[in-house]
Amino acid sequence: MGGLEKKKYERGSATNYITRNRARKKLQLSLPDFRRLCILKGIYPHEPKHKKKVNKGSTAARTFYLLKDIKFLLHEPIVNKFREYKVFVRKLRKAYGKSEWSTVDRLKNNKPTYKLDHIVKERYPTFVDALRDLDDALSMCFLFSTFPRTGKCHVQTIQLCRRLAMEFLNYIIASRSLRKVFLSIKGIYYQAEVLGQPVTWITPYTFAHDHPTDVDYRVMATFTEFYTTLLGFVNFRLYHSLNLLYPPKIDGQADVELKPAEGKEYAMDSESYLEKLSALSASLARVVAPTHEDEVEMDEFPVEGETAEQMDARKKEQDALEKHKKLFEGLRFFLNREVPREPLAFIIRCFGGQVSWDKSLCIGATYDVSNPSITHQIVDRPRVEQQVVGRYYLQPQWVFDSVNAKLCLPVADYFPGVLLPPHLSPFVTEQEGDYVPPEKLKLLAMQRGENPDEESEEEDEEEEDDNDKEEEEEEEEEDESEKEEEMKLKKMEEQKTQSNKALPVKVTAGKLRLEDRQRLEQEQQSEEKRLAIMMMKKREKYLYKKIMFGKKRKVREANKLAAKRKAHDTAVKEEKKKSKKARRA
Amino acid sequence: PCPALTPLPSAPLQDIRNTVGNIPMEWYQDFPHIGYNLEGKRIYKPIRNKDELDMFLEKMENPDYWRTVQDKMTGADIKLTDEQVDLVHRLQKGQFGDVHFNPYEPAVDFFTHEVMIHPVTNRPADKRSFIPSLIEKEKVSKLVHAIKMGWIKPRKPKDDTPTYYDLWAHEDPNSILGRHKMHVPAPKMKLPGHEESYNPPPEYLLSEEEKLAWEQQEPAERKLNFVPQQYRCLRAVPAYSRFIHERFERCLDLYLCPRQRKMRVNVDPEDLIPKLPKPRDLQPFPTTQALVYRGHTSLVRCLSISPSGQWLVSGSDDCTVRFWEVCTARCMKTLPVGGVVKSVAWNPNPTICLVAICVEQSVLLVNPCLGDKLLYGATDQLLESYVAPEEERVQPVQWVMATMEEHSKGVRLVIQHSKAVKQVTWHGKGDYFASVVSDNSNMQVLIHQTSKRWSQNPFRKSKGLVQCVLFHPIRPYFFVATQRYVRVYNLLKQELTKKLMTNCKWVSSMAIHPGGDNIICGSYDSKLAWFDLDLSTRPYQLLRACGVTLGGTPGRLEGGSQSPALTCLLHHSDLLQNPLLVPVKVLKGHVLTLDLGVLDVLFHPTQPWVFSSGADGTVRLYT
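So the sequences go chain by chain: A and B.
Counting from 1, one number per residue, gives the positions in the first sequence under the working numbering.
Counting from 1001, one number per residue, gives the positions in the second sequence under the working numbering.
The reader is advised that the hints may include incorrect statements.
Stated by the list, open to error - Listed next, the in silico SDA-like pairs over lysine to any residue satisfying Cα-Cα at most 20 Å (straight line): (1) A:K81 with A:L195; (2) A:K529 with B:I1273; (3) B:K1153 with A:Y85; (4) A:K49 with B:M1182; (5) B:K1153 with A:V89; (6) A:K81 with A:K115; (7) B:K1278 with A:S526; (8) A:K52 with B:I1152; (9) A:K152 with B:F1248; (10) A:K545 with B:S1408; (11) A:K71 with A:G12; (12) B:K1223 with A:E557; (13) B:K1262 with A:R539; (14) A:K537 with B:L1276; (15) A:K91 with B:H1145; (16) A:K541 with B:M1263; (17) A:K545 with B:E1270; (18) B:K1188 with A:L195; (19) B:K1190 with A:R179; (20) B:K1278 with A:Q518; (21) A:K108 with B:I1152; (22) A:K68 with B:R1259; (23) B:K1275 with A:E540; (24) A:K545 with B:M1263; (25) A:K560 with A:E432; (26) A:K49 with B:L1276; (27) B:K1045 with B:F1031; (28) A:K546 with B:I1273; (29) B:K1422 with B:D1318; (30) A:K111 with A:F82; (31) B:K1041 with B:V1020; (32) A:K551 with A:R539; (33) A:K81 with B:I1152; (34) B:K1211 with A:E557.
No lab work stands behind these hints: they were computed from the structure.
From just these sequences and the hints, can you work out the full model?
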């Protein structure tokens, strides 16, 4: 046999992957630099299909990168910048050591910087790609913007994050693209629909952070560095898509209103700019002055293969969306000072409502508490002294629930000091067979236009009556069963006496066995299925069993939740009854 | 009375002067005096015999008490004057001690800032101020050299491009790099469910034991990474302590976690179930238990049926063999054999009425004397027509005629082996039969000829522990099942034709289709291997049944038996279609005794009936 001997692991998947250490050596980078590069360029390890083959026969745990990715990194201009920066730091240290202050100045003036624009473009070739990946960027920026200006990261980064986040919020307000909000124990979730892409982010509650020690802030800072660049470009593009100025400017008319009336300047314009922006109460300046005639109704182009029903459904959906966008239109809100101002102002403005707060709380308040035109006042105290007639005093959950329900919910459940109804997640869409909390069912009914409240109350009363009746019936049943037992005993005695008289053999009358057709059929079918399962191939059987197990687990969980709810409801009902009796007595 | 004199009544009496100088006064602490006067007499300290009450009264009564201080040098009390009090006040305020000192006097410059015509000093200028500095020259030349060599770069012009601009102005969706094809986008964070709400429905809150279980679980194993909690109002919601952690973990996931594209199996589980023909279309097959044959007192190990299908023979651990009439379930005959019956086999030749029974070390050939008298008479004649050959041949076994007593019971011949016999099986013609001996040598399988009373050992070498043997119904083939393999021998050519791999751990039984094309092997590890002899030596199909043994083949049906119950497997061999094994019915009836259920299964030769024998000492017929 001729030819060279074929060596193992020189072809195939083994050559497509490279371990992290070898990649690092190939790039001649230290581990922190390699990490930075991977984060910025979005390079991540890949899990090979056959790990042992790639690992050259060893089963040791290793992370593998695609060789192509690493080769791609070789030509990255930022790698050189990293090296330059390293040299710069070394020179600077030397100059400091020799106390050559002029050299220090000169070096600092020529500090190497780098830009991430090309990386953003390369990672997200189209704008929609960038929007799709915006979730983490937003969450990170919102987190960083709440950091204290002490030591954990650069102050500039924090300020930049704050600015970008506020710009994004202002865009959402201007485009009215917020869809869902959720108060979780972790923070507040928001979901907006930006150019057809759902974008979800979470903001922490506004408290000081208890900075953990086991978190590497350098990693987070590197991510933030990239995310701020991305978010800046996205904001720019988004603002321009709405004909808004970028960097945003507050509308001239609103700006005048915002100026304090006493004539005392609050701060310099450049300083208070961000604060005014984050007040979220003013509209933004446009490149072209808005004219209402601009809002031309969209022409409808029938899509081929679409039936009239589908068209109708689409139109209905669009109408619902428009209605949702104008949920708070015409309402005037006032936020008490104990209520989180920023999220509520953001949400109310997103749905067309007007909002204000106490002047001392934040810049940008437009009207006072005493303003008679206020329709809703958001309050988070057990009781309100000095209520003004003509406005609702509501807890903040009303705003969130109304947004999620896409309609202004009845206010009675949300008065101050009232036990609030549960706050449900708008991100859950129950499939068939899943557990649906009763509150959600109620809400769905309300969205359909029914009014379930009255019915349920009536039912409750009826149920109570039923319960009483049932109890009575049970007692009766007990009586009956006792009677039956007596009858049986009598019969047995009779039989005994009879058997003594008659022969020991006797013929008992046969019982007519009723055959349930349906049940028989069902049984037969289930047996057929069982037999067929026996004939399945091993792999398919494994898969089948797994799927069935998953289904069963789901059902089990749903049942568990339902049982828990039932137990809770009965407990509550009994308590109610008790208290009622106590009141009567 | 003069208030000034009252606090110091003894003052004028004593000479109060400090004669000791500036020494630490502790030295005189324990003495009544401080120093000495010119006469060398002690100068006594003023007497201090006031108790706290006196002190208090003095404090109350003496208006100058606040300005009285004790002089440590002499031990005397001194009343401060107004000037002295003023000084103390000023010092306490941080002012200068001197009342007249003005700290804010206008400053007078030594040199005026205005340019004067006269020099300040009269000193002539230095020479070095006229000639260029050598040190500076050196420095400049160094800089020049550095600039020339490119070591010092001129300050870069400020980059005036805006930080943010329309990056996607010229976006081209076709310019997506090839790398993006391999790109696995990171999955998005899971969206929160109802349980994460600050005010969830009560059913989502954890009960006490669930909370305990949650705490004991590993953090990686937990289904929820938080404990659901309920707050009465938004004001009461605290900060989430793990917020930064979670963000950080997400970051780690994004750049450290290996990604792999996984195809999600999205199948309807109903589609996975193979489409089998409906059992109803495959009738007839036994569905109900029709008769129970009671009589045996211990487990019934083996069954066999006469070729006419009228009689059934069963062997049991209670050392008897019973003959039954199939249709009436009557026990026609009971034959005590004095040992556990391992195997029974009815001669398949319809003209011969003979049953082979394995009892310990011997095989009994029994004429049951049932049915047609002519028939069993002919069988007796056939056996008696044997003429012993002239020369005695060496045989591995002994053929012994039954004694008179045994003869009356029906036993005709006894073939005594050297070891215990575990199976016996007839050839289709009814003349030859084979027996399996539990042994390790090459003497495991023996083939006997009834008419010539002649036995032989077909194998020279042992190929493993033989489990069972079988004759081909039509052709001269002989199947020997060892633990893992089934060997097929050609009896005419006396050679091995095939070796079938069963893929089982331990073959327990084997059955062949009357057509002779298909073989089924059952094993102790609950597998069922089905071979098509025309095809490969590997199983055509391997089934996992919960069964242990297997038996019976007549008709279209083949049977498999299970421990607790009984399954029928339909062998659907259509010429146009590939043969298919279809489970048709689970037959239940036997009671589990000694962890054993069904021990043997048998098909009726002409009817679609199945017999089964079990450990509960019964034989059951399903029709």
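(message) Check the hint pairing K49 (chain A) with L1276 (chain B) against an upper bound of 20 Å on the C-alpha distance.
(response) Outside the cut-off at roughly 35 Å; violated.
(request) With a cut-off of 20 Å on the C-alpha distance, tell me whether K1153 (chain B) and V89 (chain A) pass. (result) Roughly 17 Å separates the two Cα atoms, so the pair holds.
(message) Check whether the Cα positions of K81 (chain A) and K115 (chain A) lie no farther apart than 20 Å.
(response) Distance of about 10 Å is within 20 Å: holds.
(request) Mind checking the alpha carbons of K551 (chain A) and R539 (chain A) for me, to see if they're no more than 20 Å apart? (result) holds (19 Å)
(request) Assess, step by step, whether the Cα of K1278 (chain B) is no farther than 20 Å from the Cα of Q518 (chain A), and give holds or violated. (result) Measuring from Cα to Cα gives roughly 18 Å; hence the hint holds.
(request) Assess, step by step, whether the Cα of K91 (chain A) is no farther than 20 Å from the Cα of H1145 (chain B), and give holds or violated. (result) Satisfied, since the Cα-Cα distance of roughly 19 Å is no more than 20 Å.
(message) Checking one constraint from the list: CA of K1275 (chain B) to CA of E540 (chain A), max 20 Å. Satisfied?
(response) holds (13 Å)
(message) So if I understand the rule, the pair passes when the alpha-carbon distance is 20 Å or less; does K541 (chain A) with M1263 (chain B) pass?
(response) At roughly 19 Å apart (the allowed maximum being 20 Å), M1263 (chain B) and K541 (chain A) satisfy the hint.
(request) Assess, step by step, whether the Cα of K68 (chain A) is no farther than 20 Å from the Cα of R1259 (chain B), and give holds or violated. (result) Cα-Cα ~15 Å, so holds.
(message) Hint check: K152 (chain A) vs F1248 (chain B), CA-CA at most 20 Å. Holds or violated?
(response) holds (14 Å)
(message) What's the verdict on K1045 (chain B) and F1031 (chain B), does the C-alpha distance respect the 20 Å limit or exceed it?
(response) holds (9 Å)
(message) Given the hinted pair K1211 (chain B) and E557 (chain A), is their Cα-Cα distance within 20 Å?
(response) holds (16 Å)
Comparing the model with each numbered hint stated earlier shows that hints 1, 8, 10, 26 do not hold.
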